[in-house]
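Chains as they are written, first to last, in the numbering used here: chain A, 2 to 564; chain B, 2 to 564.
It is worth saying that the hints were derived from the structure and are not from the lab.
Just so it is clear, the structure is predicted and the values come from calculations on it, not from any experiment.
Treat the hints with care, since some could be wrong.
Intra- or inter-copy, both count: the list cannot distinguish identical chains.
[What the hints assert, rightly or not] No farther apart than 35 Å at their CA atoms in a straight line, the calculated lysine-lysine pairs in the DSBU-like style are these: (1) Lys464 <-> Lys564; (2) Lys305 <-> Lys213; (3) Lys564 <-> Lys519; (4) Lys5 <-> Lys152; (5) Lys564 <-> Lys57.
There are 2 protein chains.
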Amino acid sequence: MDRKKVLIIGGVACGAKTAARLARLAPHFDITVLERGEHLSFAGCGFPYFVGDVVKEYKDLVCTPLGIIRDANFFRTVKNVTVHTGCLATKIDREKKCVTASDSATGEERAFPYDDLVLATGASPIRPPIPGNDLNGVFTLWTMPDALAMKSALSSGNIKSAVVIGAGLIGMEVVEALADRGVKVSVVDFLPTPLPALVGADFGLRAMKAVKAKGVDFYGGEKVTEIIGEGGVVSQVKTDKRTLPADMVLLAVGIRPNTSMAREAGLELAPNGTIVVDDHMRTSDPSIYAGGDCVVSKHIITGKQVWQPMGSTANREGRVIADNIAGYPTTFAGVLGTGILKLFDLTIGKTGLNEAQAKEAGFDPVSIVVEEQDRPHFMPGMGDLTIRLVADRTSRRLLGAQLMGTGVVDKRLDSLVSAISAGMTVDLLADGDYAYAPPFATALDPNTHAANALKNKMDGLVKTYQASELQERMLASDPPLLLDVRTPAELDMQGRLPYEFVNIPLGKLRERLGELPKDREIVTFCKISVRGWDAIAALRSAGFENVALLEGGVMAWPYELVK
Amino acid sequence: MDRKKVLIIGGVACGAKTAARLARLAPHFDITVLERGEHLSFAGCGFPYFVGDVVKEYKDLVCTPLGIIRDANFFRTVKNVTVHTGCLATKIDREKKCVTASDSATGEERAFPYDDLVLATGASPIRPPIPGNDLNGVFTLWTMPDALAMKSALSSGNIKSAVVIGAGLIGMEVVEALADRGVKVSVVDFLPTPLPALVGADFGLRAMKAVKAKGVDFYGGEKVTEIIGEGGVVSQVKTDKRTLPADMVLLAVGIRPNTSMAREAGLELAPNGTIVVDDHMRTSDPSIYAGGDCVVSKHIITGKQVWQPMGSTANREGRVIADNIAGYPTTFAGVLGTGILKLFDLTIGKTGLNEAQAKEAGFDPVSIVVEEQDRPHFMPGMGDLTIRLVADRTSRRLLGAQLMGTGVVDKRLDSLVSAISAGMTVDLLADGDYAYAPPFATALDPNTHAANALKNKMDGLVKTYQASELQERMLASDPPLLLDVRTPAELDMQGRLPYEFVNIPLGKLRERLGELPKDREIVTFCKISVRGWDAIAALRSAGFENVALLEGGVMAWPYELVK
Chain A
2 MDRKKVLIIG GVACGAKTAA RLARLAPHFD ITVLERGEHL SFAGCGFPYF
52 VGDVVKEYKD LVCTPLGIIR DANFFRTVKN VTVHTGCLAT KIDREKKCVT
102 ASDSATGEER AFPYDDLVLA TGASPIRPPI PGNDLNGVFT LWTMPDALAM
152 KSALSSGNIK SAVVIGAGLI GMEVVEALAD RGVKVSVVDF LPTPLPALVG
202 ADFGLRAMKA VKAKGVDFYG GEKVTEIIGE GGVVSQVKTD KRTLPADMVL
252 LAVGIRPNTS MAREAGLELA PNGTIVVDDH MRTSDPSIYA GGDCVVSKHI
302 ITGKQVWQPM GSTANREGRV IADNIAGYPT TFAGVLGTGI LKLFDLTIGK
352 TGLNEAQAKE AGFDPVSIVV EEQDRPHFMP GMGDLTIRLV ADRTSRRLLG
402 AQLMGTGVVD KRLDSLVSAI SAGMTVDLLA DGDYAYAPPF ATALDPNTHA
452 ANALKNKMDG LVKTYQASEL QERMLASDPP LLLDVRTPAE LDMQGRLPYE
502 FVNIPLGKLR ERLGELPKDR EIVTFCKISV RGWDAIAALR SAGFENVALL
552 EGGVMAWPYE LVK
Chain B
2 MDRKKVLIIG GVACGAKTAA RLARLAPHFD ITVLERGEHL SFAGCGFPYF
52 VGDVVKEYKD LVCTPLGIIR DANFFRTVKN VTVHTGCLAT KIDREKKCVT
102 ASDSATGEER AFPYDDLVLA TGASPIRPPI PGNDLNGVFT LWTMPDALAM
152 KSALSSGNIK SAVVIGAGLI GMEVVEALAD RGVKVSVVDF LPTPLPALVG
202 ADFGLRAMKA VKAKGVDFYG GEKVTEIIGE GGVVSQVKTD KRTLPADMVL
252 LAVGIRPNTS MAREAGLELA PNGTIVVDDH MRTSDPSIYA GGDCVVSKHI
302 ITGKQVWQPM GSTANREGRV IADNIAGYPT TFAGVLGTGI LKLFDLTIGK
352 TGLNEAQAKE AGFDPVSIVV EEQDRPHFMP GMGDLTIRLV ADRTSRRLLG
402 AQLMGTGVVD KRLDSLVSAI SAGMTVDLLA DGDYAYAPPF ATALDPNTHA
452 ANALKNKMDG LVKTYQASEL QERMLASDPP LLLDVRTPAE LDMQGRLPYE
502 FVNIPLGKLR ERLGELPKDR EIVTFCKISV RGWDAIAALR SAGFENVALL
552 EGGVMAWPYE LVK
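Chain A extracted, bound-state conformation (with noise of 0.2 Å):
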């Protein structure tokens, strides 16, 4: 039998998926595995929980269900795959089909053969070339060393205050973390809103204002230009408009893929710097393929190269390698760009395209935001969802959508995963035969009604601004009159837009109807624009022609409220 020789450089996600599946598909082949940490297929997307002290012991986020830890000894017993750690390769030899590795303790070099060879290096932290970026105290989140420094750290008990730069996934993760035990911290970015990746500036500064009601500082806007210490050991941090007390600094601002030895033996490298591969993981060269987070994918909406280093691509990925070294020539999907977080008591998540994305790829991007509430408000445990969705005009395909709220957003995410990737339209969407009893939804899931709303607009039932659309037509000389249909009670609770408005109550409305003027663009919203629609009704029947609706009321309205 075939006893083929397959040597996997990286043992985390994809690398240790690869191992993982081959052994199961294909029991004589000759597997190894170099790893040039001391850790396994650890679970480096749980790093954020380990320093918060949700996840207590570092051995949780390497061991199996079961409690047994993933180690060399584990992958040889149980896989049969051979596994070295501390084991750094530094050169491939595509003609003699041989890997070089040396041992981190002792330096020896060895040359590892291969029939087949597999590429999961991975990608590493950037770390900005700021004035004190290696004083104690500064760290990096990726391994798990910088997990157990980090936590050691905060053990200590001398953390006061930390300052986290980057408002990326990462560094908001370790945000919650930190305040959830009790550090004060301070967020930079040198963009004005954070997670710019995941949504847009709207839900942005909606994270924003909920980070600060937790206690946190944002500064937005603002270049670090100095990590400043005392003893070697960091106390401060300046930037371009302050400076901020710091026991402790992340550097939260972005990785960068591990590709300098496929660099150097001349595998075909996107501009990025990560490694070519076709549908199969395959690289520029056939022996070689190459998954996880030093690789560019194939958007499945847009069909062109964009890097998404995430632990499960990496995983997807390491499956579509094995089973191909296998014989078994599956080909890997593409990915959406879905990216999730949980952010203190809010969750917020994305899929697909984001309007420019879409007007980018040649689509006719419409998109809507939707305000609902999870399940009906009888049932306890009610949460609130923000929806935007995108769809293209032309074709009513669905191009992507941004969600945010307290409420069960993950589960409307992944099924416009599902919807998304699939192809579906809006209208079927709006349409979807979803489970429906009270503890898990309303009749018509929030996601449906999100279709609904835009299929409205689109097929220009009804006339809509989104907030920004709205403020800036407030600052045109033509502003038009905002008809604000809640109760006197909602507008003190729930705060008013900055500007001039009349308030009529939708429930006195048509009686009042005369009050309004027909010869002015009248705008309408409730608190979540659902009676706002039924005012537009009132309206209409009575003859106002020129009426609009604030998509998803006060509650989606992301800049400041007067209370």
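Using the hints, position chain B against chain A.
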């Protein structure tokens, strides 16, 4: 402007939705609703939670999220819709386009002319002809008076025991409600396992065990022969096998569509008595639309007629009716047979076709059962899921799914609703870009795992048995050797299969392979059969060819386990 007269018979789910949507789309129409009861637009699906006191006030079921009761005055002032409650429509004159209705208080008859008529007459619970079914304390749970009467009886404090007749969705929801209120509950159904319309016998058996663990007695395969009373009040329920104490009885054996008026008017009905409608929800009379529990729907996959009397379906259909009457000709997408139930700590749901239905519809179905965790084991709140996926072997299209578990079932179910509605293949589901972060999912979502396992099976990478298939094999003359690769401690904790087996923990398997025969089929498993898969690889690497896996391991084993 065209002031079309639209008459809607029924003011609960479909009728109320039709009126509300139509009032928005066509504010100039003259919209009238006739409702035979006193309550409008109530959340009937919330009744079990009202009875169980999760919902305290009946008003919560008939008010808007803002606390405003949806009564005739609300419909008038807010929606400009005229509603007559206590008004029973009795006859349709299609020639004259006129409906006769009688006031339930005065008996007075009145004629309501229409341009377009909407039948949203709903359904009524079946009252099986059991002697004693009219005793005090014998309930159905369908209308607001039903719910009020049942709650009032419970609040008296005199209900110590109850018998629920019928183990369908409503019956089992009430089982939980009553048990939560401290009532000793017995369930009787003529079928052996609960929830037959929702899940197969294996899931049903597990649901039965779960309710028994909560102190509920379940008597499957029994027929109620008599309801016995004392002084006109129920006291016992007699079945063909036993007599049960009962201070309260719920009849939950099914419902019948309310279509006698439609029948008398000569509208086309389906064999089960429901009204036949086209994709625009139009009956055989082009001026009459119908929707909700009284109509038959089209199955999205098979295209065949199927009755799905659910609140969600009714709401969807109401929108389509309103759209078409308003001149916005949308169509109803159809139903998938989606259903969901909270049952104590379990969630149980399904969508699409089961294997028998798929076969009947001309597919070549193949199915898998997998057992998964809904998030990483290191995260708090982890729950388990069992997923049965059904796909077509030829086209690889997903056809259906059943799910149950203590984990987040509803999310995976709705994601599958999207997938199946859109015609997704098992391959695309297996490689979906679902949202991953530790609070929400495993790196590869349980649905993804299920799809991968189904691919493995469809593509012949591994032979598997479902529990019922293995049970059959064990009773045959040449039973396979069972190889349990769990640790001895797990066997004690989780229980053993009720057959002879060999126990070799996975970590010891490779060194102890010599103990196993090569001339007999070996079926491996563990807690969830992930280690079972590794065991198969270990066996194959040593030349064992006749090996198979028990799907879902002991966790998905629905029959008795030996402790």
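TODO: Provide an ascending list of the numbers of those earlier hints which the structure does not satisfy.
DONE: 2 and 4
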